[in-house]
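Colleague: Each chain, letter by letter, is given below.
2 protein chains.
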Amino acid sequence: MTDSLNTVTDADFDASLDLKLERVVPVAPELVWKAWTEPEHLVHWFTPAPWKTAACEIDLRPGGKFRTVMQSPEGELVDSTGCYLVVEPGRQIVFTDALGPAFRPNATSFMTAVITIEPHGDGTRYVAVARHKSPEDRQSHLDMGFADGWGSALDQLVAYVNTW
Amino acid sequence: MTDSLNTVTDADFDASLDLKLERVVPVAPELVWKAWTEPEHLVHWFTPAPWKTAACEIDLRPGGKFRTVMQSPEGELVDSTGCYLVVEPGRQIVFTDALGPAFRPNATSFMTAVITIEPHGDGTRYVAVARHKSPEDRQSHLDMGFADGWGSALDQLVAYVNTW
Chain A
1 MTDSLNTVTD ADFDASLDLK LERVVPVAPE LVWKAWTEPE HLVHWFTPAP
51 WKTAACEIDL RPGGKFRTVM QSPEGELVDS TGCYLVVEPG RQIVFTDALG
101 PAFRPNATSF MTAVITIEPH GDGTRYVAVA RHKSPEDRQS HLDMGFADGW
151 GSALDQLVAY VNTW
Chain B
1 MTDSLNTVTD ADFDASLDLK LERVVPVAPE LVWKAWTEPE HLVHWFTPAP
51 WKTAACEIDL RPGGKFRTVM QSPEGELVDS TGCYLVVEPG RQIVFTDALG
101 PAFRPNATSF MTAVITIEPH GDGTRYVAVA RHKSPEDRQS HLDMGFADGW
151 GSALDQLVAY VNTW
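Each protein sequence line maps, in turn, to chains A and B.
Counted from 1, the first sequence has number 124 at position 124 by the numbering used here; the numbering is strictly sequential.
Counted from 1, the second sequence has number 67 at position 67 by the numbering used here; the numbering is strictly sequential.
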């Protein structure tokens, strides 16, 4: 399906700046989409344990707010408000922390995330790309545990959706 | 027409952070659109004289590059590469310098611009909003001559289009 996406494709991947998680998961694309786009579902899987998602706001349109509050076991809160850039129902979400609601620039930025899903047998081919402004930010994201973290969150998504 | 815009509307205006230029100009909306979206036209009007536009690159789609190089009479160059966020043909362009091509975060950011046009008699109602991250950035933009600068550029657009 990728060829008909009119927004962000693999051609934009820059190995010196970007990180990618690519997996096939045994969950239908429409359920992955639902888990990503409805706050009451997202809070169940978005943050790798033992942290959790304390709050989530979603205004699912380009320029709409995407806010998450992650909470450590000790109660530390990480509050991030960004916005959506691309919303292609059932196929792709792009969001960033470089811009807030209504595309207003934020004071600081770390990444733009591109989540692309497509049917794969009975499941979903899931590709998550994190795009950074510099090799240093990419390395910092690697050091924070990008692969394990985003992989664990995806495992949590699958486990949660399987309870439906 | 504003009510059917699915993207950025007046409801997003924040007087403490944003600046607005609103005018009716005696040029049809399709010509304003053409002047804004084709590099060979944009270079003729985008930068208030005596500065000029030394170069322009346009990839007119969300996430596509929007680069301008402004040049002072003394030859100083101001090179800015951002990207488009919204492209609604004939009606609205939103772009930012907080993100580069493919929505990659930029190292620094100053503003997001929202250009909205609609038919008004034989001409165009033209609304340009500059959105900033802080009151300080808004004030800095005012001090740089926002109103005169964006107004002069619009005058240049009208004068240029009238030579077609």
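Just so you know, the hints here were simulated from the structure itself, not pulled from any lab data.
Some hints could be false.
With a cut-off of at most 25 Å between alpha-carbon atoms, the simulated SDA-like pairs for lysine to any residue come out as follows [unchecked claim]:
1) B:Lys133 with A:Asp148
2) A:Lys133 with B:Phe110
3) B:Lys133 with A:Arg61
4) A:Lys133 with B:Thr81
5) B:Lys133 with B:Phe13
6) A:Lys20 with A:Glu74
7) B:Lys133 with A:Thr108
8) A:Lys133 with B:Val69
9) B:Lys20 with B:Asp155
10) A:Lys65 with B:Phe110
11) A:Lys20 with A:Ser152
12) A:Lys20 with B:Pro62
13) A:Lys65 with B:Val69
14) B:Lys65 with A:Met70
15) A:Lys34 with B:Pro62
16) B:Lys133 with A:Val78
17) A:Lys65 with B:Pro101
18) A:Lys65 with B:Ser16
19) B:Lys133 with A:Asp10
20) B:Lys133 with A:Ala11
21) A:Lys20 with B:Ala107
22) B:Lys20 with B:Glu74
23) A:Lys20 with B:Lys65
24) A:Lys20 with A:Asp148
25) B:Lys65 with A:Ala11
26) B:Lys133 with A:Leu60
27) A:Lys65 with B:Ala11
28) A:Lys133 with B:Arg61
29) B:Lys133 with A:Ala130
Colleague: Evaluate each hint against the coordinates.
Modeller: Verification of the hints:
no., hint, result
1, B:Lys133 with A:Asp148, "violated, 33 Å"
2, A:Lys133 with B:Phe110, "holds, 16 Å"
3, B:Lys133 with A:Arg61, "holds, 20 Å"
4, A:Lys133 with B:Thr81, "holds, 13 Å"
5, B:Lys133 with B:Phe13, "holds, 13 Å"
6, A:Lys20 with A:Glu74, "violated, 30 Å"
7, B:Lys133 with A:Thr108, "holds, 10 Å"
8, A:Lys133 with B:Val69, "holds, 21 Å"
9, B:Lys20 with B:Asp155, "holds, 16 Å"
10, A:Lys65 with B:Phe110, "holds, 20 Å"
11, A:Lys20 with A:Ser152, "holds, 14 Å"
12, A:Lys20 with B:Pro62, "holds, 21 Å"
13, A:Lys65 with B:Val69, "violated, 32 Å"
14, B:Lys65 with A:Met70, "violated, 33 Å"
15, A:Lys34 with B:Pro62, "holds, 24 Å"
16, B:Lys133 with A:Val78, "holds, 20 Å"
17, A:Lys65 with B:Pro101, "holds, 21 Å"
18, A:Lys65 with B:Ser16, "holds, 19 Å"
19, B:Lys133 with A:Asp10, "violated, 31 Å"
20, B:Lys133 with A:Ala11, "violated, 31 Å"
21, A:Lys20 with B:Ala107, "holds, 21 Å"
22, B:Lys20 with B:Glu74, "violated, 30 Å"
23, A:Lys20 with B:Lys65, "holds, 22 Å"
24, A:Lys20 with A:Asp148, "holds, 12 Å"
25, B:Lys65 with A:Ala11, "holds, 14 Å"
26, B:Lys133 with A:Leu60, "holds, 22 Å"
27, A:Lys65 with B:Ala11, "holds, 14 Å"
28, A:Lys133 with B:Arg61, "holds, 20 Å"
29, B:Lys133 with A:Ala130, "holds, 23 Å"
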